[in-house]
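First to last, the sequence lines map onto chains A, B, C and D.
Here the numbering used here is used: the first residue of the first sequence is 1, the next is one more, and so on.
Here the numbering used here is used: the first residue of the second sequence is 1, the next is one more, and so on.
Here the numbering used here is used: the first residue of the third sequence is 1, the next is one more, and so on.
Here the numbering used here is used: the first residue of the fourth sequence is 1, the next is one more, and so on.
Which copy is meant is left open, because identical chains are indistinguishable; a pair holds if it fits in one copy or across any two.
With a straight-line cut-off of 16 angstroms between C-alpha atoms, the simulated EDC-like cross-links for lysine to aspartate or glutamate are:
# : residue 1 : residue 2
1 : Lys-74    : Glu-259
2 : Lys-139   : Glu-336
3 : Lys-204   : Asp-262
4 : Lys-204   : Glu-259
5 : Lys-263   : Glu-203
6 : Lys-50    : Glu-29
To be clear, the hints were calculated from the coordinates, so they are not data collected in a lab.
Number of protein chains: 4
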Amino acid sequence: MNQKIRHYTPIPTQWVGPIKIIGNTVNDEVKVPLATYETPLWPSTNRGAKISLLCGGIRATIIDERMTRSVVLKADNAQQALDTLTHLHENFSLLQKVVAKTSRYARLIDLHSQIIGHLLFLRFECTTGDASGHNMVTKAADALILWIIEQHPTLSYASISGNYCIDKKASAVNGILGRGKNVVTEMVIPEAVLTKNLRTTAEKMVTLNTQKNHIGSNIAGSLRSANAHFANMLLAFYLATGQDAANIIEGSQGIVHCEVRDKDLYFSCSMPNLIVGTVGNGKGQDLAMVEEHLQALGCREQRNPGENARRLAAICAATVFCGELSLLAAQTNPGELMRSHIAMERKG
Amino acid sequence: MNQKIRHYTPIPTQWVGPIKIIGNTVNDEVKVPLATYETPLWPSTNRGAKISLLCGGIRATIIDERMTRSVVLKADNAQQALDTLTHLHENFSLLQKVVAKTSRYARLIDLHSQIIGHLLFLRFECTTGDASGHNMVTKAADALILWIIEQHPTLSYASISGNYCIDKKASAVNGILGRGKNVVTEMVIPEAVLTKNLRTTAEKMVTLNTQKNHIGSNIAGSLRSANAHFANMLLAFYLATGQDAANIIEGSQGIVHCEVRDKDLYFSCSMPNLIVGTVGNGKGQDLAMVEEHLQALGCREQRNPGENARRLAAICAATVFCGELSLLAAQTNPGELMRSHIAMERKG
Amino acid sequence: MNQKIRHYTPIPTQWVGPIKIIGNTVNDEVKVPLATYETPLWPSTNRGAKISLLCGGIRATIIDERMTRSVVLKADNAQQALDTLTHLHENFSLLQKVVAKTSRYARLIDLHSQIIGHLLFLRFECTTGDASGHNMVTKAADALILWIIEQHPTLSYASISGNYCIDKKASAVNGILGRGKNVVTEMVIPEAVLTKNLRTTAEKMVTLNTQKNHIGSNIAGSLRSANAHFANMLLAFYLATGQDAANIIEGSQGIVHCEVRDKDLYFSCSMPNLIVGTVGNGKGQDLAMVEEHLQALGCREQRNPGENARRLAAICAATVFCGELSLLAAQTNPGELMRSHIAMERKG
Amino acid sequence: MNQKIRHYTPIPTQWVGPIKIIGNTVNDEVKVPLATYETPLWPSTNRGAKISLLCGGIRATIIDERMTRSVVLKADNAQQALDTLTHLHENFSLLQKVVAKTSRYARLIDLHSQIIGHLLFLRFECTTGDASGHNMVTKAADALILWIIEQHPTLSYASISGNYCIDKKASAVNGILGRGKNVVTEMVIPEAVLTKNLRTTAEKMVTLNTQKNHIGSNIAGSLRSANAHFANMLLAFYLATGQDAANIIEGSQGIVHCEVRDKDLYFSCSMPNLIVGTVGNGKGQDLAMVEEHLQALGCREQRNPGENARRLAAICAATVFCGELSLLAAQTNPGELMRSHIAMERKG
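For reference, chain A alone in the conformation it holds in the complex (with noise of 0.2 angstroms):
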């Protein structure tokens, strides 16, 4: 093999669903590409899938939008740092004007600081149409620097992305602030359908979440997570349609909370960190396979923007939501688990 040139890794992939999916962004039936070296996770996943059909679709709603990028500048004492940052809020307009030249997608909608020591931490936030934005953000974070240093001329550079962003790395802020889509899906699942097609009971749930995905995450130290596996749907999905996978590492941290209503289950993900775009890296002509898949999803129209990118959000965050509801489910069962995954394996 000439190692020089590029070739591909191909991925497994199979087709999932379709997924019923209601709310404020998507209303469809959608089947679903999932790319996994992980091949048991169709089939769960696929489970999931049926459900929601037979219980009236998957409510995913969106509740925010945007991508950020955090600069480090060095003030010679907090003080400077302080009115420099009042400066920045009092003329936001100002830097709006700046990040608009940057894109005709990037549009600044929020700053959040820390001030430590003679540091400034600005976290510069913005909407970027269909693009998951990570070098929209960036390219606007360069240009707001140098704005800033001018009017500034006592702060210097110290870093472009100061971890306060923060991009693929566990932590609390991205859920607090704000990165990427900010997704709820919920379904309410009716006694008969969790007996034969779950095998379980909806107080069997209740009580696993309760165990697993709220005491063990917290004794494990856990940050803003409370799931079985939000990650590995993630994952495949991210895969098949051309993200930036790595960012599963936020769009992981996300809350599993269901409640027992009368004998049956309401059960609901809450993803804050879904962070998905449907141009830029990883999308575009010589990758066909993401292009078809992206097209199947009904995220190739021609829309405004953001659109599509909404689209997928909702798609991918059901997707989540089918596999979550499978596993644990499963988990109800002592042993269903590795049953049911050498069974998979045999067939898969």
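Given the structure of chain A, go ahead and fit chains B, C and D onto it with the hints provided.
Chains B, C and D alone, transformed into the frame defined by chain A:
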């Protein structure tokens, strides 16, 4: 496209290196395949690889290895949970026998626990030969649950996975108790190399590491994580070598520590949770490209169980080191990150 | 006021209880002094104490005890750090002898470690009799450093305290590896008592615990913490009994777990890091009120070393249980918290 | 002792200082009372105070202030929660009016939120004059809940405190969104002072801060915390001035950042969550010693609402700075910590 059958999502892949590695596991120069949609990662990691050749090699030290699964059992109260726990510690060799029957390669080496109210969380810790070991420890845990409940019939099953393992979630437990290979990589980079090949200085690097990786990560509410982008290299390496790439979540929770030594730079990456395997899911005949990559990495040799996997871990850690060094050097200079991204993507 | 001499700040103190306690350490009814500026704490904790009398007592189970100090040593590289660590584990009995010479009461029971680059963090773990043990382990660590550097002259001193201990800081390590007493308290509260004495129901309590202590703490980015106000009772108990009250930081990182059992409520508080002592700073002749309190609590008896401190820990944990139960019950009803605060402060 | 009546637990107290403070809030030399059972704290903090006189004063900059309370409301689903939230943001001025009616001093300045499934967490953020404000925001939140449910009758009460506030728990949210005063203290210490008065060097201090406060805290799984013992000074200051000392939990989550500047030392302590008040619980006629302390600190003057509390916060932060500087300097030298502890306790 017939959506029922399996197809493949091809991930762009390129070789970087060779990387020179020394230490208690690998003493070799190795070319490394990286599968990623983020193509600027290749030249960036490659720049680090070149540095490794100029400085006598990256020292990769494997500190520890284990794979874990935690189960949850319900007792009547905390006292009963404690009595059971005491009994299990006293009969650890019997637990080892139970595990040994489930696999030729699984060996129970430790047991940690938490008692929360009447719930008993048991974290079983095994070596697993050349496998990453997820399924091996699940199978072992299944057998252990049966054995424990037989011995302590007042206890009952709560969950096969209690999230105290913890798999693919941002947490503290894995770094503290271990999961996967614990690998430290380090190298001293002379001043001349810093200036010429990385366009930086030792002092600039240490300042940036403090302000970005330590302070910036801290204020972001990060957990056991102080690095710029371990996740990117991990993801690309994992995909190219057939790993369960969702394990980048714990894998990326590592620490960069560097020091000025005279005017040279001591640079190190500590990665306590590198989960890799050379057998199991993601490997095998139907994944020819993965096999080719593993073979080229020298991880398909006849060796004692575990040696191929440890070799893979050391190479993986050295690859992360290369990419981290290169990006941090770029970020010490204003504007360089964006300029090189743009240049690489044009070339890319 | 002559500002050079010592004077005293008087903290308002009142007795609550008696609290009925059962379990592996205390089987008794005990009145408890609470020193606090937050006077509504007294009637609130008292309400919980009354419940303990009605329900057969709070079961307090001591799971574990230890005090820790971590030191940092510098090696040339990670390999040397690892070799040293291996040697220390092989010669653990020699380390125990070094510790035994520093105090009649300190006994080295375990050693945990972390290697970060060339830095070796060693966490020495001791039992310390009736003392909380901060100074005892510092003295032991001082001696161990000398001994280790003598054996391994290539290593050098970095710090007597490496924050991997970790003392009085919000972290995960203490809950996972232990520091102080690990105590679980639990009790089943019949429906009638819930309704009449706490104006609530089992279901309301479980729902509140999930939504506030588990989900709410989670989204706040809490770490190993799921409770309403452990800190308040701990502070008041610590001040009244001469403890180093800054240890409420790790002490308050505990978990409430409760369940509906039929219509009764199983309620538990798990506190893995309760740091208390009956000898040492804060105790002694010149602190007569503390002595009086300890005596009334039955912690000034002639017993085997450690037994008085364990008794104090069990009483402390039961006190926390009382206050937590009472506040949560109040918060299940809209407006009750504020109304009772106002009423109590008027009375107070 | 008649156990029904209130008595007092006397905490040993001594004055340290004067501390020289400069900046946007205090420009003064102030003696500070510290109430603690840990008597070595006095000479240690005093050593730092002396340094402040030699170096032109500790610059204390107040960055922000607010007190918060989060409530939880139940909606039917996430969409309804989102609609409500949108409505609240659009009618923020009405919310402000509701709050203004509950207190002369409470002013609603911001609102943050989280939607988890169908649960709506609202974090109300107020300025509260000279009070720390816990009760003021609870009262405000009570009124806001009533108003919101009146406007949105499909929502219902879940909890008056949803732990997204978050009070007295180890978490990330308070540092990121603010709670209490956000204060940065900083000072440059010349080489001669370091050598003579602190027996250390700038380089030694920076190395120790990196290895202990940053790396050590990181591997301990600490959260937004990088310091040696902020908690000790905070506790002693809080007790002496009538504060709710359980707030040392968030108060101690702060960061030491220092740098070598030529051979001098830039040293800073960033404390984003300093919760203090000069009115409210713990103050008043029946607590004469607290009143005496507050008066001596100059916090009983006729000033605009909030100014006395801000003065107290700046003094508190400067006190923490003194103790932190002194202990870190001691830990740069092997054996010094233990020797000085022993010496002080003998004298003590």
